[in-house]
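Visitor: Below, each chain spelled out in residue letters.
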Amino acid sequence: MAQTVDARGLSCPQPVILTRQAIQTGQFPIEVLVDTVTSRENVRRLAKSLGYKVQVKEEGGEFRLTLTK
Amino acid sequence: MSEKLTRFFASRWGIIVAGAVIGILAPLLQRLGNPPNMGICVACFERDIAGALGLHRADVVQYLRPEIIGFVLGATVAALLFREFKARAGSAPIVRFVLGVFAMIGALAFLGCPWRALLRFSAGDLNALVGLLGLTFGIFIGVLFLKAGYSLGRSYKTHTAVGWIMPVIMVVLLLLLVFRVKVSDTGALFFSTSGPGSMHAPLIISLVVGLVIGFLAQRTRFCTMGSIRDVILMGDTHLISGVGALFVFAVLTNLILGQFRTPAFFGQPIAHSQHLWNFLGMTLAGLAFALAGGCPGRQLFLAGEGDGDAAVFVLGMITGAGISHNFALAGRPDSVVEGVQTVGGITPYGMAAVVLGLVVCIVIGLTMRQKMEG
Numbered sequence: 001m002a003q004t005v006d007a008r009g010l011s012c013p014q015p016v017i018l019t020r021q022a023i024q025t026g027q028f029p030i031e032v033l034v035d036t037v038t039s040r041e042n043v044r045r046l047a048k049s050l051g052y053k054v055q056v057k058e059e060g061g062e063f064r065l066t067l068t069k
Numbered sequence: 001m002s003e004k005l006t007r008f009f010a011s012r013w014g015i016i017v018a019g020a021v022i023g024i025l026a027p028l029l030q031r032l033g034n035p036p037n038m039g040i041c042v043a044c045f046e047r048d049i050a051g052a053l054g055l056h057r058a059d060v061v062q063y064l065r066p067e068i069i070g071f072v073l074g075a076t077v078a079a080l081l082f083r084e085f086k087a088r089a090g091s092a093p094i095v096r097f098v099l100g101v102f103a104m105i106g107a108l109a110f111l112g113c114p115w116r117a118l119l120r121f122s123a124g125d126l127n128a129l130v131g132l133l134g135l136t137f138g139i140f141i142g143v144l145f146l147k148a149g150y151s152l153g154r155s156y157k158t159h160t161a162v163g164w165i166m167p168v169i170m171v172v173l174l175l176l177l178v179f180r181v182k183v184s185d186t187g188a189l190f191f192s193t194s195g196p197g198s199m200h201a202p203l204i205i206s207l208v209v210g211l212v213i214g215f216l217a218q219r220t221r222f223c224t225m226g227s228i229r230d231v232i233l234m235g236d237t238h239l240i241s242g243v244g245a246l247f248v249f250a251v252l253t254n255l256i257l258g259q260f261r262t263p264a265f266f267g268q269p270i271a272h273s274q275h276l277w278n279f280l281g282m283t284l285a286g287l288a289f290a291l292a293g294g295c296p297g298r299q300l301f302l303a304g305e306g307d308g309d310a311a312v313f314v315l316g317m318i319t320g321a322g323i324s325h326n327f328a329l330a331g332r333p334d335s336v337v338e339g340v341q342t343v344g345g346i347t348p349y350g351m352a353a354v355v356l357g358l359v360v361c362i363v364i365g366l367t368m369r370q371k372m373e374g
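Chains A and B, in that order, are what the protein sequence lines are. Note that the numbering used here gives residue 47 to position 47 of the first sequence, counting from 1, and the numbers run on in steps of one. Note that the numbering used here gives residue 109 to position 109 of the second sequence, counting from 1, and the numbers run on in steps of one.
In short, the hints are calculated from the structure, not lab data. Take the hints with a grain of salt, since some may be wrong.
What the hints assert, rightly or not - If we take Cβ atoms under 10 angstroms as the criterion, some of the chain B residues that face chain A in the derived model are: (1) G90; (2) K147; (3) S151; (4) L257.
What the hints assert, rightly or not - Sample of chain B residues facing chain A (criterion: CB under 8 angstroms; computed from the structure): (5) K86; (6) R154; (7) S155; (8) R221; (9) L233; (10) H238.
Unchecked claim - The list that follows gives simulated cross-link-like pairs (lysine-lysine, DSS-like), each with its CA atoms no further than 25 angstroms apart: (11) A:K53 to A:K69; (12) A:K69 to A:K57; (13) A:K48 to B:K4; (14) A:K57 to B:K86; (15) B:K4 to A:K53; (16) B:K147 to A:K48.
Backbone N, C-alpha and C fix where the C-beta goes; we use that ideal spot for every residue, glycine too.
Produce the entire structure from the sequences given, and follow the hints as far as they go.
Guide: Here it is, written out as structure tokens:
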């Protein structure tokens, strides 16, 4: 079952903490919504370091990251 | 091309380059006139700006530091070039203001921000190690709150003009400085004629260094508080590799320039050796930075890229500097008068303010939690 983490507007490091919590539930794919390039890179780095695949889509100045195993 | 550069700056090498550049340029600024072990100090320099504007009247620490102006505007230029400038605001600004005030009170009890703590340590000032331990302890407390769901809530995209307020304030400060505005003999601007405030590198050099660092730091998200937080929170060493590079290159530059002293506690430049309050001052600062999501440098860079909440934190810090000096809360350096060594430190008022700040930050950390959203 897919799950969505809406981390838009949250400051560092909350997007990463929320993504980690989502990963711990083990339900993939995980969609993470962020609205800054900083958060996009932080979430991407976290996911890569844990060995997940990351796809990024830009939507009107916001980013949708899809994490899959 | 721009995406490639973005990737490089976001990489480990990117952050190492940013740290190394700061580590080299800061001691050089000392050589060119900035105060000893204070090539760059965001807290001290914002305090000097508060002094130049007359928000405090400690006449040895008044100068409109161009480095701070450069930090904000360098970040603005980088954010515009890479299309990252984004006006946003609305995440509990009043709390960020209060955190800024107490962050400054804590930093001035120690006599430096995290950057200056690294620079002091890189030149042999062992008190800085005590300060860095205090900083780490404060961030550790902040991480506990973050793990328990602490959040100041979301910021929202807003009118572009909101994002421009801090950059425009900096341009105005630059104009005041360039034209050396003086409204009357006893009025603002104030410029120190003795003490640390009177010591500065040439304006244009300070400004250019500030712009370069602002640009690099905006691209790489360089943050001293974040570096320690990420290690404690998740063992992530990305940011701390930049901070490590800053330290290593500052040691090397200080050795080359002959600015390294035999490591000691007593009598270090613009520093005191009252250990407990060096530790607790930086504990307060570290906790306030962690709760606000960035060290004072990072807050300037965020303010430069349109973050109105970070701008409020900066204004809180400048206000905190005024309070700190008007209420005699800031640390006094060690001194030697006619052969008599006197350990400096903070007044009982300063001690009370640091304790009060810790209480306020802990209450903020305990009471401001966000319900997790699905």
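Visitor: The structure should be examined with respect to each hint, and the outcome stated for every one.
Guide: Outcome of the hint check:
1. G90: holds, 8 angstroms
2. K147: Status holds, d = 8 angstroms.
3. S151: holds, 6 angstroms
4. L257: violated, 34 angstroms
5. K86: holds, 7 angstroms
6. R154: At 3 angstroms from the nearest chain A Cβ, R154 (chain B) passes the 8 angstroms test, so the hint holds.
7. S155: holds, 5 angstroms
8. R221: Because about 5 angstroms separates R221 (chain B) from the closest Cβ in chain A, which is inside the 8 angstroms limit, the hint holds.
9. L233: Status holds, d = 6 angstroms.
10. H238: holds, 7 angstroms
11. A:K53 to A:K69: Roughly 6 angstroms separates the two Cα atoms, so the pair holds.
12. A:K69 to A:K57: Since the Cα atoms of K69 (chain A) and K57 (chain A) sit roughly 18 angstroms apart, the hinted pair holds (cutoff 25 angstroms).
13. A:K48 to B:K4: holds, 18 angstroms
14. A:K57 to B:K86: It holds: about 18 angstroms lies between the C-alpha atoms, which stays within 25 angstroms.
15. B:K4 to A:K53: holds, 20 angstroms
16. B:K147 to A:K48: holds, 22 angstroms
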